[in-house]
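Residue numbers (our numbering), protein chains in the order written: chain Z, 1 to 88; chain V, 1001 to 1293.
Hints are not guaranteed to be accurate.
[Claimed, not checked] Short, incomplete list of chain Z residues facing chain V, as computed with Cβ under 7 Å:
| no. | residue |
| --- | --- |
| 1 | P63 |
| 2 | W65 |
| 3 | G66 |
| 4 | A67 |
| 5 | G80 |
| 6 | F81 |
| 7 | G82 |
| 8 | L84 |
Everything labelled a hint here was simulated from the structure, so no lab data went into it.
Backbone N, C-alpha and C define an ideal beta-carbon position, used for all residues, glycine too.
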Amino acid sequence: MQCPKCHANMRTYDRMGVHIEQCDGCRGVFLDYGELEALNRLEGQWAQPAPPPPAAAPYPAQPAWGAGHHGGHYGHRKQGFGRLFFSS
Amino acid sequence: MERELAAGLAEVGRTYGGEGDVEVIADRREVAVLRVGEVAVKAHLPGADAAALTERLRLVSHPALAELLLAPLSPLPVVVRDRLVTAWPLGTPVDPDAPDAAPWEQSARLLARLHRVDTGQLAPLPRSAGPDRFLRTVDELRAHDGPEVREVFGAFGTLPPLRPPVRALLTHGDWHLGQLVTVPGGWRLIDVDDLGAGDPEWDLARPAALHAIGVLEPREWDVFLGAYRAERGPAVPAEGNPWPALDVTARALVVQMAARSLLTARRTGTALDDLDLALVDACARIGADMRHG
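Construct the entire structure; sequences and hints are all you get.
Written as C-alpha cells, this is what we have:
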C-alpha cells in the first residue's frame, strides 16, 4: 500500500498483536478500523497500577475478652477440634 | 445403647429400605444414631416434642432447602421405646481426627445460604431452639457451686436478656462441624432439632467463640468468615469489624460450652482438662472485662 500523504511505500508492522502500516518515506502511521481502540486497550492494561498490598485488618482479630489479648494460644488444637467442634 | 432401642431403630431402618450392616454411629447423652446399610436412624432427645419435630421434618423437606439440608426419609417421627425416631439417607460425616481437612468454607457457604432463604415460602416457621439450648445448659448448672461455676455465672451475668429474634431468618440453631455430611449431591447440613426462625449470629457463635479463646486458628476462622461474607451471609456486615455483631452470641457460646464442660466433669467424676479450663478462663475474662471496661 502507498502512503496517502507522500505516496511512498508503507510497510506492515505487528506491535503486540495490532497491525500498523508505517510509511518508509515520511514515517507516518496508518491505522485500520478498530486498531486505535486496540492500542488504547493495550495502553490501559499497561498503565493499570499493580493492586495495593493487602492492608492489615483495620479491626481487632478477637473481642476484648479473647485469649489473644491476655496471652497465649491454647495450642490443643486437635483435642479442641475433636471435642468442641462436635456434639458434646 | 439399650438393646431394645437398638433393635427398634434397626427395624425402622429396614422399613425405610436399609439393607445390610447394622452399626451404632452415635450414642450420646442427647441422641442415639444407628445405621442400617445406607439408612441412618436417629433417636431424638428423650422428651422431645413430637409436634415440633414433625413441623421441622415438614420444613426440611421443602424443595427450597434441598441443596442445603438433608431431607428425611421418614415424613413423620415414629416412636420406639418412648423415643421419637427419624430415618435419613446415610451421609459421610466430617472426620474429627483430620482438622486440616475440615470444610470451613463449605460450612460457611451453606450457613450463609441458609440464612438468606426467603422465609415467606416456608411459613409458618418454628422458632429456632438454639437460645433455649443455651438457657437449658445454664439452668442445669444452677444446681452446682464452686469457683468455676461462679466464673461461668459471672460471664452469664454480662449477657443482655434473651429477646425474640430481631430478624427471624432461617437458622440451624446448633451448628458445629458434626452437623455436616457429604451425600452424592454435595455437602448438606443435618440435625433439624433446633432449626427455625432466629438471629443468624447464633449459627456463627461457636466458631467465633472458639476462635476468640484461641482454639480455632486465625487462618481457619478467616476462611470461614471470608466464605460467609463472599456468600453474602447476613449475620455480619459485608466488611469491617465482625465482632460488634458476633460478640454477644460468642460470649453466650463460651458460657454454654463452659457450663457443659463443668456438668460433664461432675457427672463423670473426672477432672477439668486444659480445654475446660480455657473455657472457664474465658468466662473469667468476660466477667472482668465487663466489670472494669
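These are the hints, each one checked on the structure:
For P63(Z), the shortest C-beta to C-beta distance to chain V is roughly 5 Å, which falls under 7 Å, so the interface hint holds. Restraint check, W65(Z) versus chain V: the minimum CB separation of about 4 Å is within 7 Å; hint holds. Interface hint status for G66(Z): upheld, as the beta-carbon distance to the closest one in chain V is roughly 4 Å, under 7 Å. The interface hint given for A67(Z) is met, as the beta carbon of that residue sits about 4 Å from the closest beta carbon of chain V, less than 7 Å.
The restraint placing G80(Z) at the interface with chain V holds, with a minimum CB-CB distance near 4 Å, inside the 7 Å limit. A cut of 7 Å between beta carbons decides the hint on F81(Z): the least distance to chain V is about 4 Å, and the hint holds. For G82(Z), the interface hint holds, since its Cβ comes within 7 Å of a Cβ in chain V; the closest pair sits about 4 Å apart. The criterion of a C-beta within 7 Å of any C-beta in chain V is met by L84(Z), whose closest approach is roughly 6 Å, and the hint holds.
In terms of the numbered hints stated before, the structure departs from none.
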